[in-house]
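J.: One-letter residues, chain by chain:
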Amino acid sequence: MLRNYFKIALRHLQKNKLYTLINLLGLATGITGCLLIGIYIWHELSYDRMHDKGDRIVRVTWEYNFGDAETKTAMTGTRVGPEFSRRFPETEAYVRLLKYPRVLALEDKMFEEKNFLYADSTFFSVFSFPLLEGSPATALDGPDKLVITQAMARKYFGDQSPVGKSLKVGGQKDFLITGIAADVPENSQIQFDFVVSFSNLRASKEEKWSEANYVTYLLLNDKASIEPLQAKIENYMKEVNREELKLEGNNYMTYHLEPLTEVHLHAQQDGFEPNSNITYIYVLAAVALLILLIACVNYTNLSTAQSAGRSAEIGMRKVLGAGKRDIFYQFISEAFLLSLIAVVVALLIALMLLPHFNQLAGKELQREVLVAPYTLLALVVLSVLVAFLAGAYPAFVLSSGKVIRILKSGFSFTGAAGLRQALIVFQFSISIFLIIATIVILQQLAYLQSKELGYNKNQVLVLPMDYAMLEQYDQLKAALAAVPGVISAGGAYEEPTHIDWSDGLTSGEDGKRITVNALPVDEDLVNTLGLEIIAGEPYTLGDIQQADPLKWGDTLRYTYMLNEAAVKALGWTPEEAVGKRVAKGREGIVRAVVKDFHFRPLHEPIAPLVIFMDKRLTVNLFLKINSENTAATLNNLAQTWKERVAHRPFEYQFLDENYAALYKAEQSMAGVFTTFSTVAILLACLGLFALTAYAMVRRTKEIGIRKVLGATVADILTLVSKDFIKLVIIAIFIATPLALFAVHRWLESFTYKIDVEWWVFIAASLLTLLIAVVTICLQALKTALNNPVKNLRTE
Amino acid sequence: MIKLNGIYKWYQSGINRNFVLKDINLNIEEGAFISLMGPSGSGKSTLLNIIGMLDEPSEGEYLFLDQSVFAMKERQRKELYKQYIGFVFQSYHLIDELTVYENIEAPLLYQGVKSSERRSMVADMLDRFSIVGKKDLFPNQLSGGQQQLVGIVRALIAKPKLILADEPTGNLNSAQGDEIMQLFQQLNREDGVTILQATHSEKNAAYGHRTIHLLDGQIQHQHVPL
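Here the protein sequences line up with chains X and E, keeping their order.
With our numbering, letter number 263 in the first sequence gets 263, and the count goes up by one each step, no holes.
With our numbering, letter number 95 in the second sequence gets 95, and the count goes up by one each step, no holes.
No lab work stands behind these hints, which were simulated from the structure alone.
Just so we're clear, the structure is a prediction, and the values are computed from it rather than from any experiment.
A few of these clues could be false.
To be verified - Partial pick of chain X residues on the chain E-facing surface, computed with a CB cut under 7 Å:
hint	residue
1	A9
2	L13
3	K17
4	L18
5	E313
6	M316
7	V319
8	A322
We treat Cβ as the ideally placed atom computed from N, Cα and C, and that holds for glycine.
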């Protein structure tokens, strides 16, 4: 029987090639979207699930208020791990991690390695990063030991085994390689190429609550311990605040525990890498589902529309003894066959599109995932689901008709016509919604890219440097600045695109303390980045001498610059601020006030910032270059660098590109929305196209008669498009308020954002209408232009 | 075999009832060959459909093999129908997407006949009616007469006791029509199949044992040809 169903289904699909093609195309597109988004979501949900003890690992985050604002960060001091382990029996082990770029060298090979991790010796026993060689217990049990990944072993040592050999770190010290770790999967929040012992850090010698530069993880004895331990920690920290830190008034600090597996999607604070967001996952899932629904709606609409042509068959089958159920199964198997074919086509398309999708979504998903057994199983389930979603209604309607009525007059789908209209409205509502969302996202992104940031990010090179270059800092900078094409050079700790350093600043006048971000700079940075001084003057020769990095200890003085927000927080005007004494560790005078600039992503308002001169902390050199012959300039810079810096390769980035990378999440969202709203509108139009085709067939005679009575082609087009256009207009009225609500919600996450303008809605509506009208007319024109005599004769 | 007592069929239109059948009382014995005549709209098809259990009367009693048809459950009725009744239509109503072979096989599928049994039953019929050579053709590749032949074979495949034919020769030329009529006669004589046909043609009606004349939903008179 089943074979029989499929045979008939196949013949039907072959016979109605246009409908089959449209249905297949639609379903395949919908399923492809689902599939790609599906594996993306699966990948996101699989984050950090590779650890055997993963359900017992928590990340510790720090919440504090030192005077003016509550601050939360995933960074903690060195004390948290050891102290909690000693004090709370629920804690089995702790791991503190610091990621810090280092230059590694093996003979003449030299690279700057960004994924260089300092970790406590428990690292490999708490986390399940498998060691291919070496023992988890001893690989990091002392200083100067190094574990490298398989990929890095290949990079430095080729086919030779690196265990027992050593690598020079930072141009100074040899580290013994004690193990090889498997390459870290992409869906891990902890990424590393190299791990060395935490005891190599000077900071490890002392336990401090402050100087929060480390991510701390705890391994608990039981996953149920999280809540009781959280409560204990809060109590304990109250004691610490009172007894040990002597915090008063509103000042306090405490720690929170987050399950490891929830960090990636649910945590507010980024750790080593930007987190994703569960909302984003929901939005994507919704988009995928909507696309699939649109495709299913096309199928439902076309099947019911087409069913008139099948009334004779169904009626006859009933006369021959077929029951309701037989007919229902027959039509469902037809839908199933089609959806099965669509799934296969979708799988092929997805395999083909995966690289593009990766680019769009900023992922590195592998093709293997698409053909993995569970994916295939999911696809079979999906095809059944689609078959029922798309085929159940037509199958139900077709199977439940009264034989005698079907045989006499065919199907009269009064109910189905209403449903068809509702479904068209539904499809176009989704399309218009997505179009509006896309326009707004693109506008906001363009705004972010073009927003005046208060500093100049174009034509600025970023060169990473380190402590070992300090002695020749000024000479190197001068040499680089002298390269033709370089306009100026300046150094700082972090990039102005995102300053994370959080600190406290105390007024030397009244002792008022505020929370600030802090940026150590050299004397040329303000000029190089084009920061605008609105009061005071640039750093003087005296300031420079005071901050000479080679003079240690007491003779080193800080000279400060504040931004407008900091001045305001301290209760001064810019003019008043100049010359005042402030302290961030060391006391110094305020030399100047700079105009506010955006040193954090535009989600956040501009916070108080203190700039202070300390070249010792310079990690990045910024070179402003002119736009002529950039290649030659880069070449010359590399040459100069090689002559002077032996222990570091010449590596550079462009500041504007680093800025753009801040909005990677938004950019991939824009990409996804653009793609899928295009797909949605195309699918909706495909459905409209087919329905018009069907309506034309049905109305051939009517149109013939109307033409004989004197109707023009335009009259005919109006006649047939009127009904559909009405539906699109209803869709516009449904989608617009929903879209307005949604984009406002999204824009709320930005402090700096565009105003949504009314023309966006008009444009989206007109665009949709235009596409719909063109679609209908393309199809209708054919009939409208036909010779009416011919139409009538064939009828 | 069939007993109709006071069968009425009407359609409500506003407050009026439009009667299609009025007080039909009829007895059909097993092995009869009966022709139903009357102008268009006289209720022939409706009567056939009611007897064929495709339609229900508004009022009245219908006994099939002494069982009250409309007192039965739908499922029982369906079983009765599948077992005993075959339909032949004026416009053949072959399923376009199925081959001759598959069209003939279709009723067996719905009766749950096993595949091997189906094959031999269909093969027998193809052989008996000399259409083996046409078994893989689709309906649109056949002439009208051939299509109706397939329609009749399909009605016969499940060995029904009653064949209901609604103007079976209406779309055929007279030569083809005669062949079909002779076939009916042969089935009736040799296999003892009860036949009830609706027809416009006196000539075709004459093949039957008895002719019933319908007008405006009522039986005008019956006559038995000499």
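J.: Please go over all the hints and tell whether each is borne out by the structure.
T.: Hint check results:
Taken as an interface hint, X/A9 does not check out: its beta carbon lies about 10 Å from the nearest beta carbon of chain E, beyond 7 Å. The interface hint given for X/L13 is violated, since its Cβ lies 10 Å from the closest Cβ of chain E, which is over the 7 Å cut-off. Here the hint on X/K17 is broken, as its CB sits about 14 Å from the closest CB of chain E, past 7 Å. With a least beta-carbon distance of about 17 Å to chain E, the hint placing X/L18 at the interface is violated under the 7 Å criterion.
A hinted interface residue such as X/E313 counts as satisfied when its beta carbon comes closer than 7 Å to some beta carbon of chain E; here the least separation is about 5 Å, so the hint holds. Proximity of X/M316 to chain E holds as hinted, the smallest CB-CB distance being about 5 Å (cut-off 7 Å). The criterion of a C-beta within 7 Å of any C-beta in chain E is met by X/V319, whose closest approach is roughly 5 Å, and the hint holds. At its closest, the beta carbon of X/A322 sits 5 Å from a beta carbon of chain E; the interface hint therefore holds under the 7 Å criterion.
In summary, the structure is inconsistent with hints 1, 2, 3 and 4 from the numbered list given earlier, while agreeing with the others.
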